[in-house]
Structures are given as structure tokens and as C-alpha cells.
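Engineer: Protein sequence lines correspond, in order, to chains A and B. The first sequence: position 7 = 94 (my numbering), numbered continuously. The second sequence: position 4 = 9 (my numbering), numbered continuously.
No wet-lab data here; the hints were simulated from the structure. Watch out, some of these pointers could steer you wrong.
[What the hints assert, rightly or not] Pair by pair, the computed Cβ-Cβ distance ranges are:
1) Asn17(B) - Phe156(A): 42 to 52 Å
2) Gly127(A) - Thr23(B): 23 to 33 Å
3) Leu98(A) - Ser58(B): 37 to 47 Å
4) Glu8(B) - Ala167(A): 25 to 35 Å
5) Glu8(B) - His97(A): 24 to 34 Å
6) Cys45(B) - Leu98(A): 13 to 23 Å
7) Gly90(A) - Met98(B): 23 to 33 Å
8) Gly183(A) - Lys7(B): 27 to 37 Å
9) Glu140(A) - Asn60(B): 34 to 44 Å
10) Ser54(B) - Gly90(A): 16 to 26 Å
11) Gly127(A) - Asn60(B): 22 to 32 Å
12) Arg138(A) - Gln36(B): 20 to 30 Å
Quick reminder that beta carbons are idealized off the backbone N, C-alpha and C, glycines included.
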Amino acid sequence: ETGVTQSPTHLIKTRGQQVTLRCSSQSGHNTVSWYQQALGQGPQFIFQYYREEENGRGNFPPRFSGLQFPNYSSELNVNALELDDSALYLCASSAGVSGANVLTFGAGSRLTVL
Amino acid sequence: RKEVEQDPGPFNVPEGATVAFNCTYSNSASQSFFWYRQDCRKEPKLLMSVYSSGNEDGRFTAQLNRASQYISLLIRDSKLSDSATYLCVVTKMDSSYKLIFGSGTRLLVRP
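Just chain B, same shape as in the assembly (with noise of 0.2 Å):
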């Protein structure tokens, strides 16, 4: 089973439509939580960070469950430039800190 579990889409929306993706993680030790976004053959960026209480940046709110070990991002009002790969990651430090990222869900907004 993969650390890291996300529905790889592609979620197909009209410009305008909200749209969720979740994602499921299986180590109850994960530190910190991020939703990262890729563009088609581009580096991965940081799109938010991840927080209990849920945190809000424009259109985006993300949210943790710690309890159902479940995150989720939700993206309103979308915007042709949403149109990219949305990454789960959790983090895990043991000697190092490295970041655990899903296979992604692929948005494709349409006008």
C-alpha cells in the first residue's frame, strides 16, 4: 500500500466549479502536510500548507483530519490556470527530512 493515496482524476471542470481532491495518508507519525501543485513537465511548487484548524489562501482552503488520517484541498470559482497536477505530501524526519508525495490529481479546467 502506498504512503500516500490520491485519486489520480483527471476531474474534467467548467471554469467557475468548485472542485475537491482528497488524498489519504497511512503513517500516523507524518509531521506536517502540504498540497503542492505541478504543471505538465515542470518542478513541483509549494501551493499551501496543511494545518488541523484548516487554512484558507484565495480560493483554496485546505484541511486535516488527523484522526481519519485524510487530507483535502478545495478550489473555488476555478480558473483555466488551475489546470495542473494537485500532489499530496506528508512529511516523515527520521535522519532526514523527507517529503512523501501521491501520484497526483490531474485538474483540467475548461472555458
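So that you can see chain A by itself, here it is in the shape it has in the complex (with noise of 0.2 Å):
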């Protein structure tokens, strides 16, 4: 059983350009969640995708879009990027949108804004 992996790892960006963070989440799940961790901080939930649509959405501003597609992977867009989203983005995918459902983190993508 694969766990849920992110790509890339690291990566740098400048003010201004867009980002697209990918996630393959376990097999099995059909539910992903996004969220990011800025620096000493706990992750904060960017939202939640199932069954290809979006299903609720955290204090996130709009240039923060995501997709999901048929084989349950999801797709994090930041456009316009800011200096403060410099942060961990993390995608946890989990069977279901129960809250009986356990989530499982992927390791990770560690976006620096300069």
C-alpha cells in the first residue's frame, strides 16, 4: 500500500509567479485535504477536495485553487504568490469525508517565496 506522496519537495519562487503542487494520495482514498504550515505554526486547512469537487474551503483568498482528478490525485494552485506563503504545504488524503476517517499526511512541499 503506497502512501501519499507530494512533488516537488523544495522549490523557490519569486513575487508574483504561480505554483502548482501536486498530490497522489493513498490507494484507497478518495478524499484530499490541503493544508499549510508557515513557520512555527500548526498546519491550517486551505480545503478539502471529494469526488472531483470542492467540498469546504478555510480562510484561504481565491488565488488559492485546487483540482482533483479521476484517480483521486489533486493539484494545489497559488497564484500571485505573496513573501508570507512561504510555508510546508501538506495534503492529507483520507477514505471519505467521515470524521471516522483517519487522514494520512504526505511528507510535504516546502514553498520559499523571495
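Reassemble the complex: the two chains are provided individually, in unrelated frames, and hints are given to aid placement.
Structural biologist: In C-alpha cells:
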């Protein structure tokens, strides 16, 4: 059983650029959630995807967007990057949207915005 | 006010010590409670769930007090490998199931 994989692991961008982060969910998991973790903080919920639709969103601006594909993998897109977007971006998959399902996190993509 | 509050630490303890972490949460409608462990520059990993009746997993004991909206984690006989950041987590279920994380408490266990 493969776990959650994310790519790239590290990347550096400059202000105003756009970035796409990718996530492959764990085998058997159809739900993907994205979290942002700034240095010294806990992860913050960005949004969740279920059946290729956004299924809930945290307090993030519209320049944060996502997709989920038929194979349940997902992308996080961030436009017009700002310095404060520098963070670890974590993807977590689960076998549904019920609270009974345990989330499995990927190792994250570390974004630095200069 | 943050939804989940934790003392950031660091807690610096010798091997073999007992250490306790506390956390408070603001939303009385929170449904589930967890402690996660996060090693430096790694992803969070589930340490244990927390129940009102209390639960124990080896050297780790977690407790929930719903009336006080307070969660605790006790680590007995600390090991060097326990050095990590411990994240208190509550859940919120509306249109989606989301984890609300505290900022974490850093533990350093010294020889």
C-alpha cells in the first residue's frame, strides 16, 4: 500500500509568480485535504476535495485553488505569490469525508517565496 | 483568539522524566480530539486519539475534559526519541471534515 506522495519536495519562487503542487493520495482514499504550515505554526486547513469537487474551504483567498482528478490525485495552485505564502504545504488523504476516517499526510512541499 | 491554544515550550527534560502538555480549545462543538507528533521538517503523524474516559498507549496517556475544553498529554519515562513537536488537534465537521491544529509544543529530551 503506497502512502501519500507530494511533489516537488522543495521549490523557490519569486513574488508574483504562480506555483502548482501535486499530491497522489493513498491507495483506496478518495478525499484529499490541503494544509499550509508556516514556520512555528500548526497546519492551517486550505480546502478539501471529494469526488473532484471542492468540499469545504478554510480562510484562504481565491488565488489559492485546486483540482482533484478521477484517480483522486490533486493539485494545489497558488497565483500571484506573496512572501507570506512561504510555508510547508501538506496534503492529506482519507477514505471519505466522515470524521471517522483517519487522515494520512504526505511529507509536504516546502515553498520559499523570495 | 486561536481555536486551539498550546504552550509553545520548549520543554527541556532529562531522559526518564515525566512531562505533561496541555491544550485548550474554544469551540464547544468540536467533535474529535487528537495528539499528533511532528519531527523537524517532517509531516505530522497521529500519536493518539483523546477520549473523555482517558486513554493510554504505552508511556503516553491522553485525557479530555469537555467541560473545561481542555486536553492533556502525559509522557512517562521520556526517551531521546520523544524529542519532537506535539500538536494538539480538534476537529470541525461542517461541509467538510477538517483538523484544527494548535501551534505545537516543542519537547527536547536530553541525555
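Engineer: A separate judgement is required for each hint: does it hold in the structure or not?
Structural biologist: Here is how each hint holds up against the structure:
Roughly 46 Å separates the CB atoms of asparagine 17(B) and phenylalanine 156(A), a value that falls within the hinted 42 to 52 Å. In this structure the hint that glycine 127(A) and threonine 23(B) lie 23 to 33 Å apart at CB holds, the actual value being about 26 Å. Remark: the range hint 37 to 47 Å for leucine 98(A) to serine 58(B) is upheld by a beta-carbon distance near 45 Å. Checked against the hint of 25 to 35 Å, the pair glutamate 8(B) and alanine 167(A) passes, with Cβ atoms roughly 28 Å apart.
The given range of 24 to 34 Å is respected by glutamate 8(B) and histidine 97(A), whose C-beta atoms sit roughly 30 Å from each other. Checked against the given bound of 13 to 23 Å, the beta carbons of cysteine 45(B) and leucine 98(A), roughly 20 Å apart, stay inside it. A beta carbon spacing of about 24 Å between glycine 90(A) and methionine 98(B) agrees with the range 23 to 33 Å that was offered as a hint. The hinted window of 27 to 37 Å between glycine 183(A) and lysine 7(B) holds, with their beta carbons roughly 28 Å apart.
A beta carbon spacing of about 35 Å between glutamate 140(A) and asparagine 60(B) agrees with the range 34 to 44 Å that was offered as a hint. For the pair serine 54(B) and glycine 90(A), the supplied restraint of 16 to 26 Å holds, since their beta-carbon distance comes to about 20 Å. Between glycine 127(A) and asparagine 60(B) the Cβ separation comes to about 29 Å, which falls inside the hinted range of 22 to 32 Å. A hinted range of 20 to 30 Å for the beta carbons of arginine 138(A) and glutamine 36(B) is consistent with their spacing of about 23 Å.
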